[in-house]
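Construct the complete structure from the given sequences, taking the supplied hints into account.
Residue numbers (the numbering used here), protein chains in the order written: chain A, 5 to 446; chain B, 2 to 307.
No lab work stands behind these hints, which were simulated from the structure alone.
Cβ coordinates follow ideal geometry from the N, Cα and C atoms, glycine included.
Incorrect hints may have been included.
What the hints assert, rightly or not - Some but not every residue of chain B turned toward chain A, in silico, with C-beta under 8 Å:
#, residue
1, ALA135
2, ARG140
3, SER154
4, GLY165
5, ASN168
6, GLY252
7, ALA269
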Amino acid sequence: MKLRKVIRLKLKQISAIAGVIAAMTLGLGVVAPAHASGAQEITVWAMCSETGEIAAAREQVAAFNGFYEGDYHATLTCKSNMGTAISTTSAAGLPSVFEFDGENLAAYVYAQKLHQLDGTVPASVFSNELVSIQAEGTYKDGHKYSVSQYDSGLGLYGSKKMLAAAGIKDIPTTWQKAWTATRFTAVLKALAAKAPGKKAIDIKENYGMGPGWPGYAFTPIVNSAGYQILTNGKAVGSLDSAKVVAAFKTFASWKPYVDPSADDKAFENGRVGLAWVGHWQYPAFSAKLKSDLVVLPLPDFGTGTKSGQGSHSWAISKNTSGDELGAANKFLQYIMQDQWILNVTDKNGAVPATKTALNKSVNYRKGGPLQLYADQLAASCGTAKPTTKCVTVPRTISAAWPVINTAFGTAVQTIWNGGNAQTALHTAAVTIDQDSTDNNGY
Amino acid sequence: MGKTKRSKFGQDNLAGILMSLPGLILLTLFVLVPFITAIVLSFFNVNFNNVAGPKFWGFEQYRRILFDPVTSPIFYKALLNNMTFALIVVPVQTGLAVLLAVMLNVKLKGIAFFRTFFFMPVVFPMSLVAIIWALMFSRDSLGMLNGLLNLFSFGFIQPIDWLGDPNIALLSIALLSVWAGVGFQMVIVLAGLQEIPVELYEAASLDRANGWQRFWNVTIPGLRNTLIFVVIITTIFSLRLFDQVFILTQGGPIDATQTVMFQAVTSAFVEGNVGRASAITVIFVLIIICITLVQRLVLRQNREVK
Numbered sequence: 005m006k007l008r009k010v011i012r013l014k015l016k017q018i019s020a021i022a023g024v025i026a027a028m029t030l031g032l033g034v035v036a037p038a039h040a041s042g043a044q045e046i047t048v049w050a051m052c053s054e055t056g057e058i059a060a061a062r063e064q065v066a067a068f069n070g071f072y073e074g075d076y077h078a079t080l081t082c083k084s085n086m087g088t089a090i091s092t093t094s095a096a097g098l099p100s101v102f103e104f105d106g107e108n109l110a111a112y113v114y115a116q117k118l119h120q121l122d123g124t125v126p127a128s129v130f131s132n133e134l135v136s137i138q139a140e141g142t143y144k145d146g147h148k149y150s151v152s153q154y155d156s157g158l159g160l161y162g163s164k165k166m167l168a169a170a171g172i173k174d175i176p177t178t179w180q181k182a183w184t185a186t187r188f189t190a191v192l193k194a195l196a197a198k199a200p201g202k203k204a205i206d207i208k209e210n211y212g213m214g215p216g217w218p219g220y221a222f223t224p225i226v227n228s229a230g231y232q233i234l235t236n237g238k239a240v241g242s243l244d245s246a247k248v249v250a251a252f253k254t255f256a257s258w259k260p261y262v263d264p265s266a267d268d269k270a271f272e273n274g275r276v277g278l279a280w281v282g283h284w285q286y287p288a289f290s291a292k293l294k295s296d297l298v299v300l301p302l303p304d305f306g307t308g309t310k311s312g313q314g315s316h317s318w319a320i321s322k323n324t325s326g327d328e329l330g331a332a333n334k335f336l337q338y339i340m341q342d343q344w345i346l347n348v349t350d351k352n353g354a355v356p357a358t359k360t361a362l363n364k365s366v367n368y369r370k371g372g373p374l375q376l377y378a379d380q381l382a383a384s385c386g387t388a389k390p391t392t393k394c395v396t397v398p399r400t401i402s403a404a405w406p407v408i409n410t411a412f413g414t415a416v417q418t419i420w421n422g423g424n425a426q427t428a429l430h431t432a433a434v435t436i437d438q439d440s441t442d443n444n445g446y
Numbered sequence: 002m003g004k005t006k007r008s009k010f011g012q013d014n015l016a017g018i019l020m021s022l023p024g025l026i027l028l029t030l031f032v033l034v035p036f037i038t039a040i041v042l043s044f045f046n047v048n049f050n051n052v053a054g055p056k057f058w059g060f061e062q063y064r065r066i067l068f069d070p071v072t073s074p075i076f077y078k079a080l081l082n083n084m085t086f087a088l089i090v091v092p093v094q095t096g097l098a099v100l101l102a103v104m105l106n107v108k109l110k111g112i113a114f115f116r117t118f119f120f121m122p123v124v125f126p127m128s129l130v131a132i133i134w135a136l137m138f139s140r141d142s143l144g145m146l147n148g149l150l151n152l153f154s155f156g157f158i159q160p161i162d163w164l165g166d167p168n169i170a171l172l173s174i175a176l177l178s179v180w181a182g183v184g185f186q187m188v189i190v191l192a193g194l195q196e197i198p199v200e201l202y203e204a205a206s207l208d209r210a211n212g213w214q215r216f217w218n219v220t221i222p223g224l225r226n227t228l229i230f231v232v233i234i235t236t237i238f239s240l241r242l243f244d245q246v247f248i249l250t251q252g253g254p255i256d257a258t259q260t261v262m263f264q265a266v267t268s269a270f271v272e273g274n275v276g277r278a279s280a281i282t283v284i285f286v287l288i289i290i291c292i293t294l295v296q297r298l299v300l301r302q303n304r305e306v307k
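This is the structure in structure tokens:
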């Protein structure tokens, strides 16, 4: 008897407490902080991958809110893992505007999470973008789904002193003059002979030779051999073609000359004379090597030097409409102004994505130290078959990219660790094609 | 007496049910429901990014994982790796834990410092441990392990590619896992050691048993229940191998460190292939249940009340 009384009493207390908590939560929901009344609200998700980018994101959102005081108000959220956040959120749950890794454009369009931009965002914004950026933001239906504030630059960095000490005089400074793969092997041999640790190059092995880094850094090898990963939607016959296999065999033969760079500083600390990495290392390298630093194109495996492109992009989510869409549109136009592009690229070292901003950039304009990146991007191959006349190739614009990235990365890791190049690339190609079939070619 | 006969469903039963209700609800929500969802999803072709929606595939996911000549080898390799890893880690980690516990089961001043010291690796998140070990495993002479080996062998041992050599990669991961986990087992064994009555040791000394004989005839039998528990949980933990692989080797090189959990997670969250990932986890749970049942049959815990 007593126990039943005790339980009833406890239940009464518990329900009382629960009732109070419920009331408080509801109350809090109602009494939300009010902004300038009448202002159209938009939600913004940014990637904030680096300290500089966090500051830049906050600054441009604050400036937007100040400029459009009373009309629009943007609330910024930094997402530490944007990829997972977007793939696990339904279209309805996405914010008005968000930043994402450009390689996922096709996947997000396919998942119906992105709003078509041409027709909403003025054409002048797109025409001012670099050719490479326009390619990055275009889906296979020909429509634009993203804008970008910056692009990436990939190439070789060299130490003039170490190259000279190894007797290398033919240093290419324009992409047209890139070393051939054969010449490059000889360069590595010569550098290694004179280097303190008997290594010649840092290819950022510490970033991981599995899925991830190779998808950006070493897909240019496939392109430079004359192929895209997919030809007519098929990887078999393209990724595993004889020329690509040969190119990767050459790549694997360089392993004895590569410093694993576990401390990430092989080039910076002078252990090697070359580094195969992108624009993000420029600030650190130029601070350390100063005038000794030289920027070079990647080696040519037969169809001219090729390089990577693509970085973060901005889009409007599919379900945004009406006044919210108008506000989101104004937000994108606002951040695509030169001032805000340069604000972020000054902090993260990336290539400004518009022609006007590029010309104002100290590093990237004509005569600037990183002009090579700008020239390479201006000669983007887009989605066409690579030729000797174009340089940068976007990561395959397909909803299958995550699978391609994983399969390709695994193949590179296998090849790098002594596996058979033909088998590895063929396995990757078969995996990619089977996934495509499972999803009806996306 | 009459009262209890009348109300079979008495107060005690009601109280018992109410008390276990929160636990049961949580178990249902977080274990049972996801598991049933996984079973259901494993019969579909469903992808995060595919707006066409799930397609009923029957046993196709299972066929691909277990029988398809193209896609099943990687699952079997992962399973083999998991078993190899468990077979290395369980005896080594348990043995090391017993050794450490025996050494630390002394009442010296300051012994607490050493116990804490050996337990500390358990506290660090595995992701942190893996990143530090990446530096230690570096394949050139600058890597800590290579440097030490080179030093102690007077230059005889050349740098080893710890994570890049397909024959060594899994062993390297095992080494790091043992280092990170042994403290946990050590603490459990230590508690078990302190349960063994001192009189047994005294009796053994009276019978002129030396240290080694005391260890085999008093300590180990006394630790029987503890050791069984430690072996079972170490086996289960080692079958969950994921963090180290994800950070250090991504399943490579040449699938040398591929594990079932890594397969499941990459299928689901990298490739968005939820159906395949669900099927993998269902198969794996069945395998783990079998292993646990076998272990329990073979290693009957001594349930006598002393």
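Going through the hints against the structure:
| no. | hint | verdict |
| --- | --- | --- |
| 1 | ALA135 | 6 Å, holds |
| 2 | ARG140 | 5 Å, holds |
| 3 | SER154 | 20 Å, violated |
| 4 | GLY165 | 5 Å, holds |
| 5 | ASN168 | 10 Å, violated |
| 6 | GLY252 | 7 Å, holds |
| 7 | ALA269 | 10 Å, violated |
In this structure, the hints that do not hold are numbers 3, 5, 7, in rising order.
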